[in-house]
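Line order of the protein sequences matches chains A and B. Each number in my numbering corresponds to the 1-based position in the first sequence with 2 added. Each number in my numbering corresponds to the 1-based position in the second sequence with 2 added.
Incorrect hints may appear among the rest.
Any copy will do: because identical chains look the same in the list, a pair fits if it lies in one copy or spans two.
[To be verified] Taking lysine to any residue pairs in the SDA-like style, the calculated list, with each CA pair at most 20 angstroms apart, reads:
1. K333 to A11
2. K231 to L335
3. K333 to G307
4. K161 to D64
5. K333 to P309
6. K161 to R139
7. K46 to G180
8. K356 to A11
9. K231 to G14
10. K46 to V57
11. K333 to D61
12. K333 to P86
13. K161 to P86
It is worth saying that the hints were derived from the structure and are not from the lab.
Protein chains: 2
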Amino acid sequence: MSNKSGIIAPGGTIGILGGGQLGRMLASAAAELGLHVHIYSPEKDAPAAEVSGHVTCADYEDEAALRRFADSVDVVTYEFENVPAETARILAERGLVRPGPLALATAQDRIVEKNFMKAQGILTAPFADVSDEASLRAAIENIGCPSVLKTRRFGYDGKGQAKILSADGALSAYEEIGRAPAILEGFVSFEREISVVVARGADGEIAPYDPVENIHRNHILHQTLVPAKLPDAVADEARAIASRIVRELDYVGVMGVEMFLLAEGAGAQRLLVNEIAPRVHNSGHWTMDACIISQFEQHIRAICGWPLGRPARHSDAVMTNLIGDDVDQWKVLASERDTSIHLYGKGEARPGRKMGHVTRLYALGTRLA
Amino acid sequence: MSNKSGIIAPGGTIGILGGGQLGRMLASAAAELGLHVHIYSPEKDAPAAEVSGHVTCADYEDEAALRRFADSVDVVTYEFENVPAETARILAERGLVRPGPLALATAQDRIVEKNFMKAQGILTAPFADVSDEASLRAAIENIGCPSVLKTRRFGYDGKGQAKILSADGALSAYEEIGRAPAILEGFVSFEREISVVVARGADGEIAPYDPVENIHRNHILHQTLVPAKLPDAVADEARAIASRIVRELDYVGVMGVEMFLLAEGAGAQRLLVNEIAPRVHNSGHWTMDACIISQFEQHIRAICGWPLGRPARHSDAVMTNLIGDDVDQWKVLASERDTSIHLYGKGEARPGRKMGHVTRLYALGTRLA
C-alpha cells in the first residue's frame, strides 16, 4: 500500500475489514467499478468473501496478517465502527485508511461523540458520563428518569443498554451492562426517527442523500421510508447537520447520521443527533434501488478519490429488513410487483440475524401523495 | 445436480459456462439473490471468477471436469450461444440446463434460425443456403447483390462475414470465410436497428423489456438508446415478435432479439428479425440502471424457476460501450452527472475488447421529448 495521490484507479485493490453484508455490498460495488477487493475477516465463510477475489481469514489482533493485508491493497476501509484502535493504527502505519482515525475515535465512544456534537452546536439527548457509582448517582440526579444507561463503547442494535425508570433501578442497570464505562442519556420525547446517509469525497465534496424515516422493532431497523415526511426546512436542516459532521471530522467515505425529530413546538431546532456510524448504513440500503449511485458505490468512489455521484432519487422507496426467518418469505417477495430482493448468502437464519432486505419502489413523489 | 422441481431456492448454486463480462454480471445478480455461483471457463483470470465463490478452469471438451461441474450445481446456464453441442449434451445428461437445447440449436446455425422465423411467419432478410460453389452461384442468382455471405456458425461482432458487391466477388468472399458452410443474406434497406430483450419463466410467463435502438460501430454495439423512437403499434409488434420466439422455442431465460426497422411504406410489417442470442444481451445492459429488475437478475429468476420481475423502466437511458482504450476515460465519466459506470475488471484494453459500459439516465419520458 503505497498510494501517494490518494486516487485509486480501476485495477486497484480495496481492502475491507469485516466480511458481513455491508462488506459484501461494498465488494460488489467495487467490482462494478473495475476494482479488486480483498476482504479481511476473522469469520470463516464470511458473506463478503464469496463475491471478492481475495480473502484473509485472521483475527483483528494478528499483526503479521494485518501488515500483509495492508501491503496488498491500495486503501483500507471497514464495514463496522468497532475496529480496534490498535488494528487501525497498524493499518494506518502502512498506508491509506479511509475513513480516518478521527471519525473512528468519535464514533466509538458515545461520550466523545456527544461532546463533538455539542461543540458543533448540534443538539443531542441530555447526557452524563458514568465511570463509577458516585458518577452514576450524580448523573441520575442531573439527567433524571426515565433514562437509559449505555456502554460508551461497542454497543449496537440495542446491545449494551439498560433502561432506568427510577433512581432505585440505577445500580441494577449498571450491573446489567457489566459496570462498563458508560453514558447516561435522558429520554427524548421524539416524534419520529430519521437519518441522513451522507458522503464526503477526498476533495471535500459533500453529497447527502435525502432524509429518510426509520422504524425499529426490538432495537433493530425494520423499515426505512423514503423520503421522510418532513417540512422542507427540516429536511434541509437534516442535510446540513449531516454535512457539517462529515466536514468537521474531515471525513472521507459514507456516514450514517441517525436523528430524532422532535414534536412541532419543541423549539426552533427540531432535530437531535442520536448517533453516527462511520460506514455505510442499513438506512441507506434503499439507495441500491432508488438512486443511480448507491451508498456502496458512493463509499467506494469517496475512498478511491473519485468524484462523488449525484445522490438524487429516481423513485420513492420503502426498504424492509429480512430478519431471521423473514427470509423464508423469499418466494412471496419475489412475486411482488416492483420489489427488489437482496439476500446476503448467510447460511443459518438465526433469530435477530439480518438475512437480507427488500426494497419496494414507487414512482417519484407518489409515496407521500 | 438433481433438482426435480426445477425451482432453485436461495442457497442453491448456479453453474455458468463462460467467464466473461456477461457471466460476471450474471454472477453478481445471482449473489444478490442469495445464490451461490460456480463459473466454468477455460480462461484463467476470467472476469466472472473474481465475483464468484467457485471456479472450474477447464476446456469445454473436458468431460470429467464437465461432469464434476454439473454435479456440483443446481442448474447450468451459459453466457454465450456457441456452447459446443457435445458439451451441452454432457451437462444435460446430469441435470438441468437452461435455456434448453432447442434454443441453442436454433441460434447456433443461421439457416436453422432463419427457417424457424419463416415457419413462425416472422420476416427475415432474404437468404439462401451455401454449401459449395454451385449453391453459392445459385444463391447469388436468387438473392442478388449487394449481399453478405456469413458462416452458418460461430459468427459474432461481424466476424465470419464478407460482403459481396457483385457476382464477380462471390468466390473471393467464399474464400474469405474459409469455405465454411454459409448463408447468403440479401441486403435490407432498413431505417434503424432495434432489439427486444425478453424473458420467459419456467412457468411460461413472458416479460419483454421495451424495444431499444442500437447503434453499431465497426460491427460492435456502440450505443443503446432507451426507448427506441417507434410508433406504439411497431413497439407492440416488436414485443410480440420477441414473445412469440421465446414461446415457440419453449425457452427459459433471457434472450436478445435483434431486429431491423424498415422504412415507412415498406409494407404492413415493418420489422425483420436479424438474429437471436439465447442469453443476456449487450443491448440489455441499460436495464441494470433503468429498471428495478435487470436482465441479469431476470435471467437468474427465470432459470431458477422464480417469478419474473416486471420489466418496467423507471428512467430513460443511453448505454454506451467502452471499447478498448475508451476505458481510459473513466475519470471523466465518473464526474458526469447521472452516469453509471460498469467496468469488467479486464486487465488489458486491447482494441475492440469490451472493457465496460456506461449508462446515462434521463427522467422517464424525457429522452425523446
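For which of the previously enumerated hints does the structure constitute a violation, in increasing order of number? Hints 2, 4, 6, 7, 9, 11 and 12 are the ones this structure does not satisfy, whereas the remaining hints hold.
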